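Trainee: Sequence:
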Amino acid sequence: MNTRAEPVARNVIIIGETLTGGVVRGSYKYENADENPEGTSLYQWYLDDSPITGPAGTAVDLRIKEEYSGRSVVFAVTPVASTGETGKEVRSDAKKVSSDFQGISHGENESSFLKQVGNFSVHIPEPSDRVLVSTGGVFALLDPVTQQSYIHGQSGWGFPVPSDIINFLKNNPATRFFSTERDFGALVNNGPGNQLLVWGTNIPATHSVKLTDIKSVYSNRVCFAFIYKEGAPGSDRIGAIGLKGSGDVIPDLIQRALWFDEPVAIHATENAFAVRTVNGKVYAWGNAANGGTIDAQAQSYLDNMFVERIVAAAAAFCAIGRNGEIVTWGVGPNGGAIPAAKLESILNDGGVISVTAATTAFCAITRDRRKAVSWGLAGEGGTMSESASLIAVRGGVVMCKATRWAFCIITERGEAEAWGAPQYGGASLTQAVRDEIEAAVKDTQPRPADSKGHVGSRAITVPGVLSLYSNDVSYFLLSQHEDGRTRAVVVWGAKEHGGEMSSGVRQSLMASMIIGVYCTNGAYGVVGAQGPVYGAVMVWGATLAMEDAGEIPPELAQYLRSDVVELYSIKRYPFYQAPPPIPPRPDPSFAARRRDGSYVLWGGNVDNQYYKPEPE
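For the sequence shown, the working numbering gives the first residue as 72, with consecutive numbering after it.
None of these hints come from the bench; they were simulated from the model.
Keep in mind that the hints are not guaranteed to be accurate.
[To be verified] 30 Å max Cα-Cα, derived DSS-like pairs, lysine-lysine:
#1 300 to 286
#2 167 to 241
#3 241 to 166
#4 566 to 523
#5 683 to 241
#6 352 to 513
#7 513 to 523
#8 167 to 300
#9 100 to 286
#10 315 to 300
#11 286 to 352
#12 315 to 167
#13 315 to 281
Being a predicted model, the structure only gives us computed values, none of them experimental.
Please model the complete structure; the sequences and the hints are all you need to start from.
Mentor: Have a look at this one:
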C-alpha cells in the first residue's frame, strides 16, 4: 500500500503591519515530499489564542479592527494537498496590534502635512499595512505570496536599485520598507539584530552612520532618521542619513540629552526633525529655518511643559502639551510663529484639543468650546475668511481637514466653510454644497471619533460615521450608516481634480458599502462591496490624459471590478511656493492589491499594467 507524504507549511509569517485599519496577509511556503501540488489549504486567525470566528477569521487576509488594539494576532495554516492529504497546523509568531506606529499616533500622522510614519505621502495617509511603500515615483512591494521584495517605477526616485542591494534582497527580503521623496530604506534581519539598507538620490556615497540594531525609522522629504534599540550606556540613541544640512547630522548636545531621557518618536518637516522623549521634552535639528532650530522663547515654553503630540507643516512644528499648551517654531510666517492675539484666544478657551497642518499654515481646535483658530500665510489658510470666522468662533467644530493651501471645518450643527487659496479648495462653499453638508450632518449628534476627543477627519454620529477626505485641491465628505451602508456623499473644490463626480460614480457610491478611501494629488479612489461582490474600485478626478489616476484604463477594468483589498498611491510633493493660478499636473498613480496576490498599477508615472510577481 502506497502512502503519500503529508504536506508541510514552512516559514509561516504575517506580512504587513498589524495596525488598526490595515489589512495583513498570512504567508507561508507549501512543501510536499511527493511533489503533490497544493489543494485548498485551511487558514485560521487567532486573537490572543482564541480563534476569530466567521469568514474573516478563516481567510488569508485579515483587516485589523480597532477593537483588536493591544491584543495579539496569529496566522495559522493547515496545508492540504490536491490529492487530499492534510498536514499539521502551523502558526506564525504573534504580532501585537496597535493604533500607533513607532510612537506616532494616528492623529499626529494624519494631521501633519507630510505624513510622519516613514512612508512618503501627503493628505490621506497610505494604508497602514505597509505592504506597498512609495517614494514620489516608485513602489516597493513586500509580496505576501512569494515573500520577496519587488521595486518598480521611475528612474531617479529610488530606482534603479543598486545591484548589490538587489541581490541581497533576493537572499534576505526586507521586513519593512521606508521612503523619502526619492530614497528608500529597507530593514532586513541580520542574525539576532537588523540592518537598514539605504539608497537613492539623497544618500551619500560614503558615510560613517551606524545602520544596525534599529528600533524605528522616520523620514522627512530628503533624510531618514532612526531610533536605535537600547545600547550600551553613553551610546547614541538616534541616528540619521540623507541630504546634507537637512537633518543628516544630529548635534552632540541632543545625543547627550537622550542618554538620560529616552526618545519616543521623531517628527518631520520638509527638511528638519524633532525628537520627543519619554519625559515630554523636544529637541530639533536639520534645516535651521524650517524647524531645525528652536528659538529661545519657544524653548523656554517647551522646558516648562510636557509635550504629548507634535504636528508638522512643511516648514514649522507645533507641539501640544498634556494640558492643552501650544508652542510653535520654524518659518514664522508659515506657521512657526503664532500671533499673540490668536494665542490668547486659544488659551482663553482652555488651550488646544487638536491641530491640523496645511503646507504653510495651522488650524487649532480649542478644548473648551471646540472653536477653530488658524495662523500662517494669509492666503494659504493662515487667515480665515469672514464667513469662516463666524462659524469658527461659535465653536462645536467636529471635523477639520486641509488641502495643500486651504482648510475646511464642519461643526456639530452642520455648518461648513473652507478658506485659503481659492484654486486649492479654499473658495467659499456654494449654497448647494452647504445644503448637502448640512443634510448629511444635521440631527446626527456628531462628536469627534477619537477616544480622547481630538478633532480630525472623522466623527461618530447617531446613524454611523462621518469621514472627511482631501487631496491637493478638493474635499470628499462621506456619511455612512453604522452597518457601513452609504448615507451621503458630498464633493467640492477644483472640479476636474475630485471636486465634482459623474452621476454614475455618485450612484455607485450610494449603492456600495465603502470599505476604504484613498487619494492621489488630484483624484480619489474608493474600494467597496457591491452586493455580493467584494473589492470593487471606483475612481474620479483628474484623468489619465491629465497624468493622474482618476480614470481606470479600459484594459485593466476587469481586474478592478472585484477582489481588491487596498489601494496605494504615488503622490508628488507640492512645489514650495505661492499657489499658482492653475493646479499643476503632478503625475501621480494608484496601485491596487488584489486577493489573489496580483496587483494593478495605473496613472501618470507608471506603466498601466496588471502585475503578478513570480518567484525568482
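Trainee: Hint by hint, say whether it matches the structure.
Mentor: We went through each hint and held it up to the structure:
| no. | hint | verdict |
| --- | --- | --- |
| 1 | 300 to 286 | 5 Å, holds |
| 2 | 167 to 241 | 27 Å, holds |
| 3 | 241 to 166 | 24 Å, holds |
| 4 | 566 to 523 | 35 Å, violated |
| 5 | 683 to 241 | 17 Å, holds |
| 6 | 352 to 513 | 41 Å, violated |
| 7 | 513 to 523 | 23 Å, holds |
| 8 | 167 to 300 | 18 Å, holds |
| 9 | 100 to 286 | 28 Å, holds |
| 10 | 315 to 300 | 25 Å, holds |
| 11 | 286 to 352 | 20 Å, holds |
| 12 | 315 to 167 | 37 Å, violated |
| 13 | 315 to 281 | 17 Å, holds |
Figure legend: structure checked against the earlier numbered hints; hints not met, in rising order: 4, 6 and 12.
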